[in-house]
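Peer 1: Quick note, the sequences are listed as chains A and B, same order. Numbered by our numbering, the letters in the first sequence go through residues 1 to 284 in order. Numbered by our numbering, the letters in the second sequence go through residues 1 to 322 in order.
Do not take every clue at face value.
Straight line, CA to CA, 25 angstroms or less: simulated SDA-like cross-link-like pairs of lysine to any residue [said to hold, decoys possible]:
hint, chain 1, residue 1, chain 2, residue 2
1, A, 166, A, 105
2, A, 53, B, 173
3, A, 166, A, 193
4, B, 210, B, 168
5, A, 42, B, 140
6, B, 210, A, 229
7, A, 53, B, 192
8, A, 226, B, 237
9, A, 173, A, 186
10, A, 58, B, 124
11, A, 53, B, 174
12, B, 151, B, 112
13, B, 142, B, 277
14, A, 58, B, 217
15, B, 179, A, 137
16, A, 58, B, 209
17, B, 179, B, 169
18, A, 46, A, 166
19, A, 226, A, 45
20, B, 181, A, 105
21, A, 226, B, 239
22, A, 42, A, 57
23, A, 58, B, 142
24, B, 151, B, 287
25, A, 226, B, 112
26, B, 142, A, 251
27, A, 226, B, 174
28, A, 53, B, 217
29, B, 289, B, 105
30, B, 179, B, 209
31, A, 46, A, 31
32, A, 58, B, 136
33, A, 166, A, 180
34, A, 226, B, 221
35, A, 226, B, 214
36, A, 53, B, 216
37, B, 151, B, 250
38, A, 226, B, 219
39, A, 53, B, 180
40, B, 215, B, 185
For the record, the hints were derived by calculation from the structure and aren't laboratory data.
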Amino acid sequence: MMMEIREKIIEKSMLLIALSSIGILALITFFIFEQGLPLIWKIGPKAFILGEKWIPSKGLFGIYPMIVSSFWVTLGALLLGIPLGLACTVFLSEWTPPAVGIVLRPAIHLLAAIPSVIYGFWGLVVFVPLIRNYLGGPGLSILSGSVILGFMILPTIISISEDSLKALPPSYKEGALALGATHWQTIWRVLIPAAKSGVVASVILGMGRAIGETMAMIMVLGNSVKMPASFLDPARTLTTNIGLEMGYASGDHRQALFATGVVLFIIIMLLNSLAIFLSRRRIG
Amino acid sequence: MIEKAMSNIEGQMTIEMHKNTESQAPNSKQTPIDRILNSKQRHFGRFAGFRYVGLWSSACFLVILLVLQLNVGCQRAKAGITVAGSTSVEPFAELLAEEFRFQHPDSHIYVQGGGSTAGIEAVRSHAANIGMSSRTLLPSEKDLYAVTIAKDAIAIIVNPRNPVEDLPLEQIRRVFSGKIKDWSELGGPHHQIVLVNREEGSGTRESFQKFLMGKEEISLDSIVQDSNGAIRQVVSSDPYAVGYISLGLVNAEVRALRISGIEPSLPNIENGKYTLVRPFLFVFDGEPKGEARSFLEFVLNQAGQRLLAQEGLVTVRKSSGP
Numbered sequence: 001m002m003m004e005i006r007e008k009i010i011e012k013s014m015l016l017i018a019l020s021s022i023g024i025l026a027l028i029t030f031f032i033f034e035q036g037l038p039l040i041w042k043i044g045p046k047a048f049i050l051g052e053k054w055i056p057s058k059g060l061f062g063i064y065p066m067i068v069s070s071f072w073v074t075l076g077a078l079l080l081g082i083p084l085g086l087a088c089t090v091f092l093s094e095w096t097p098p099a100v101g102i103v104l105r106p107a108i109h110l111l112a113a114i115p116s117v118i119y120g121f122w123g124l125v126v127f128v129p130l131i132r133n134y135l136g137g138p139g140l141s142i143l144s145g146s147v148i149l150g151f152m153i154l155p156t157i158i159s160i161s162e163d164s165l166k167a168l169p170p171s172y173k174e175g176a177l178a179l180g181a182t183h184w185q186t187i188w189r190v191l192i193p194a195a196k197s198g199v200v201a202s203v204i205l206g207m208g209r210a211i212g213e214t215m216a217m218i219m220v221l222g223n224s225v226k227m228p229a230s231f232l233d234p235a236r237t238l239t240t241n242i243g244l245e246m247g248y249a250s251g252d253h254r255q256a257l258f259a260t261g262v263v264l265f266i267i268i269m270l271l272n273s274l275a276i277f278l279s280r281r282r283i284g
Numbered sequence: 001m002i003e004k005a006m007s008n009i010e011g012q013m014t015i016e017m018h019k020n021t022e023s024q025a026p027n028s029k030q031t032p033i034d035r036i037l038n039s040k041q042r043h044f045g046r047f048a049g050f051r052y053v054g055l056w057s058s059a060c061f062l063v064i065l066l067v068l069q070l071n072v073g074c075q076r077a078k079a080g081i082t083v084a085g086s087t088s089v090e091p092f093a094e095l096l097a098e099e100f101r102f103q104h105p106d107s108h109i110y111v112q113g114g115g116s117t118a119g120i121e122a123v124r125s126h127a128a129n130i131g132m133s134s135r136t137l138l139p140s141e142k143d144l145y146a147v148t149i150a151k152d153a154i155a156i157i158v159n160p161r162n163p164v165e166d167l168p169l170e171q172i173r174r175v176f177s178g179k180i181k182d183w184s185e186l187g188g189p190h191h192q193i194v195l196v197n198r199e200e201g202s203g204t205r206e207s208f209q210k211f212l213m214g215k216e217e218i219s220l221d222s223i224v225q226d227s228n229g230a231i232r233q234v235v236s237s238d239p240y241a242v243g244y245i246s247l248g249l250v251n252a253e254v255r256a257l258r259i260s261g262i263e264p265s266l267p268n269i270e271n272g273k274y275t276l277v278r279p280f281l282f283v284f285d286g287e288p289k290g291e292a293r294s295f296l297e298f299v300l301n302q303a304g305q306r307l308l309a310q311e312g313l314v315t316v317r318k319s320s321g322p
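Same shape as in the complex, but just chain B (with noise of 0.2 angstroms):
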C-alpha cells in the first residue's frame, strides 16, 4: 500500500496516490475525504505521522493565534491609539508617533499603512483612531473631520541616466496618457518609455490624476507598483521609465524632473509656482479627543512641524524661533 499525504510538503492541497495493489481495493472510490473519516486504522500505517503533525501544528498555531489575540485585545483596553491609512503619509507619521513616544513615554501610538481609502474607511468604522489620507476627501466623506497636518508636492521621476530634465505640463500629460511612447521625442534616446504607475485607490494616484492628468486617463500600459518605494526601485533601475512619487522621498537614486522649467522645491511650493502639490490629512470621526487630539496638537505645534519641515513637507503653520 502507498499512500502519502502531501500536506507536508505544500499544505494547500491534499492528493491521494494510489497504485499496483491498492488499485483493485474496493474503496478505491472514495472521496478524499472520505477516506480521512473512515480511516481509522489506515492512519497508524507507515506514513500517517504526517497527518498528525499537520493536526498538531494547526491546532498549536490556532492556540497561538488566540494568544496573540488575547494580548492584543489587553493592549487595545489599556490606553493607545491607531493611525491608519496612506503609505505616503505613514513614514512621516511614523517619525512623529517617534518624537510624540519620546515626550509622553506612556502613551501608545500604532501607525500602520493600507492606503488613504483604506485609512479612512477605518476610521469609519472605529479600527483607526486617526485616518491619513493623501488625497483630499471625496464629496461623500465629507461628513468626516479632516484636519490638513502639511503639504506634500509629488515628483515627477526619471532615471539619473536620462538626459531629459524638464518637460511642460502638457507634454507629461500626454506621456502619461500614452500619445507619446518614445523619448525621442522629448529630446532622449531612441527607446520606448516605460510608464510607472499607483495602483487604483492610491492617494497620490489620485491626487496626480486630479492636478495633472485632468480628464485625461492614465495609459492602461504602465506598470503598476503597489508604494512609493517600489516606484523609486523601478525607476532607479530602469533608464526608461517614468514615475511620480511623493517628494519627500526622492533621493540620489533618481532625478525629479522640473515642470515647465519650475524646480520641485520648497521656495517654489510655498509660493505657488510648483503647483502639483495635494495635503496629508489627519482623518477623525468627529471632533479628536484624548490622546488623538494631544497627538494632533503635536503635529500642528512647532516641533511636530518643524519635524516635518525637516523632512522635506511644507508645513501648514509657520514657525517661528528656534
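Chain A on its own, in the form it takes in the complex (with noise of 0.2 angstroms):
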C-alpha cells in the first residue's frame, strides 16, 4: 500500500515537472507574440515581411533581406552538412573497426559541445582571411556562415541517421547481401532508402539548428542589412538581427525585434511539424 502511494507520488511529481516545461513553452509563446504582434498589425505584416529596408531610427522595419539571407545560409549549410555528414553516418555505421569508433563516435559528439562562440571566434580568426584573401570581397559573408554552420549541423545529422540505420531489422542487409548485392549496392539501394525518414528528420532538425545560430552568425555574416546579391555578400539573418540590437532597443524597435522573433517562431515551427510529418509518412 505504501509503495503503491510513493509510486503515485512520483509518477505525479514527474507528471508536474514534464508540464512544467510546456508551461514555460507556452508562456515563451504568449510573451513573444503579445510583443511582437502590435507592431506587425501597426506596419502591417506585408511591409514588415516584404519590406526591404531595416532602418529602426526612421522608424523602417522591412525584414524581407533577413528572410532571404537566414534561407541562403541555411541552404549552404546543408549543402555542406548533407554530404559530409551522409558519409560520415555510412563510414560510422558500415566500415567503423570498433576500436575506431570508440575514439570517432565521441568525437563527432563532442562537436556539439563546443560552444557557438567558439565557432564564430575560428571561423572570424581563421576561415574569414581565408574567404577574403582567395575568393575577394569582405570576408565575413554568407559563405563563412554556412561553412561554420554546416560543420555546426554535423553531429546533429550523424546521431539521428546513424541511430535510424542502425534500427533497421539485420535481415534487410543479410538478403541484399545474400541477393549479390556488393557492400555499398546494398547500403546506396537498401540501406539507406529504409532509412529514409529518420534521414531526413535529421537533416530537417540540422536546418532547424541552423536557422536558430545566432552568436556565431553574429561573428563571422557581417550583419549587413542590404539584400545579399552573392555568397560573398555580408549579411544578416533573422535571429542575428535579434542578437544584435536587442541590447539598444527601446519602443517600436524593441517590438519589432520581438516581431522577427514571431516570424522565426513560425518558421521553426513549420520546420518541426513538416519533419514529423515527413518521418510519419514514410511509416504510414
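Using the hints, build the complex out of the two chains.
Peer 2: Set out below in C-alpha cells:
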C-alpha cells in the first residue's frame, strides 16, 4: 500500500515537472506574440515581411532581406552538412572498426559540445581571412556563415541518421547481400532508402539548428542589412538581427525585434511539423 | 519498437520516429505531447532513461537558478550600486570602479555593458543606479540627471597597411554614405572600400551620425559589428576596411586617420581642432545619493580624472598637482 502511494507521488511529480516545461514553452510563445504582434499590425504584415529596408531610427522595419539571408545561409550549411554528414554516418555504421568507432563517435558528439562562440571566433580568425584573400569580398559573408554552420549541424545529422540506420532489421542487409549485391549497393540501394525517414528528420533538425544559430553568425556574417547579391556578400539573419540590436533597442524598435522573433518562431514551427510529418508519412 | 527521444542531442526539438512494427500500432496518430502523457509503461523501455535525464537536469537547473537568484538578491540587499550602459564607457568605468573599490574596500560596484540607450532605460526603471551614456541625452530623456565625466574622441580607423592617412571631413562623409566606393578615389589601392559600422542604437554610432554625417544616411551596404572591439578586430584584419571607434581604444593594430590634416590627439581635442568629440555621461534618476554620489565624486575628483586622462580621455576638470 505504501509502495503504491509512493509510486503515485513519484508519477505525479514527474508529470508536474514535464508539464512545467510545456508551460514554459507556452509562456514564451505568449510573450513573444504579445510583444511582437502589435508592431506587425501597426506597420502591416506585408510591409514588415516583404519590406526591404531596416532603419529603426526612421521607423522602417522591413525584414525581407533577413528572411532571404536566413534561407541562403541555411541552404549553404545543408549543402555542406548533408553530404559530409551522410558520408560520416555510412562510414560509422558500416565500415568503422570498433576500435576506431570508440574514438570517432565521442569526437563527433564533442562537435556538438563546442560552444557556438568558439565556432564563431574560429571562423572569424581563420576562415574569414581565407575567404577574403582567396575569393574576394570582405570575408564576413554568407559563405563563411554557411561553412561554420555546416560543421555545427554535423553532429545532429550524424547521430540521428546513424540511429535510424542501426534501427533497421538486420534482415535487410543480410537479404541484399544474399541476393548478390555488393556492400556499397546494399548501403546505397537498400539501407539508406529504408532509413530515409530518419535521415530526412535529421536533416530537418539540423536545418532548425542552422536557422536558430545566433552567436557564431553575428561574428562571421557581417550583419549588413542589405539584400545579399552573392555568397560573398555580408548578410544578416533573423536571429542575428535580434541578438545584435536587442541590447540597445527600446520602444517600437524593441517590439520590431520581438516581431522578428514571431516570424522566426513560425518558421521553426513549420519546419518542426514538417519533420514530424515526413518521418510519419514514410511509415504509413 | 524503436522510439527515441532526441532531446539528449539538441534539447530544442523532440521528434519521434516510428518504424516497422510500430507503424501498425493505433497510437501512431498521437502527437508527441499525447505520447508523453499516455506512455506510462513505455517509459520503462530501453531508451526511457533519456527522458528522465532531461527532466532531472532541468529540475536541477531550476533549483540552481533559484539558489543563484536568492544569492543575488542577498547581495543586492546588502549594499552596492550597479553601473550599466554604453560599451564605450564600460572599460573606463571598470577601471574607475576597481580603483574605487581599492579605496573603499566595503563598497560594491557592479559595472555592466548593454549600450547607452539600455543604460538610460535601466536608470529609469531603477535596474541600475548609474547609467553610462556615450551620447548626449535625447529630448525625451531630459528629465534625467546627467553629469559629463569626460570627453572622448571618435577615431576613423583603417588597417595599418592602408596607404591613406589623411582625409577631409567631406570625403569621409561621402565614404560612409556609400558615394565613394573605391579606395583609388582617395589615393589608395584599386579595391572596394569595406565599411564597418556600429549597430542601430549604439551611442558611438549616434555621435558619429550627429557630428560627422549630419543629414546624410550611413550606407546600408556597411558591415555591422556590435562593439568597439569587434570593429577593431575586423579593421585590423581587413586591409580595405574603414570603421570608427572610441579614440581611447585605438591600438597598434589599427591606424587612426587624420581628418583634414588634424591628428586625433589630446591637444587637438582640448583646443577644439578635432571636432569628432562626444561626452561620456553618468546618468542618474534624480540627484545622486549615497554610494552612487560618492562614486561620482570620486570620478570627478583628481584621482578619478587623472585615471581617465591616462587612458586617453579628455578630462572635464583640469587636474592640478601630482
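Peer 1: Identify every previously stated hint that the structure contradicts and give their numbers, smallest first.
Peer 2: 6, 18, 20 and 25
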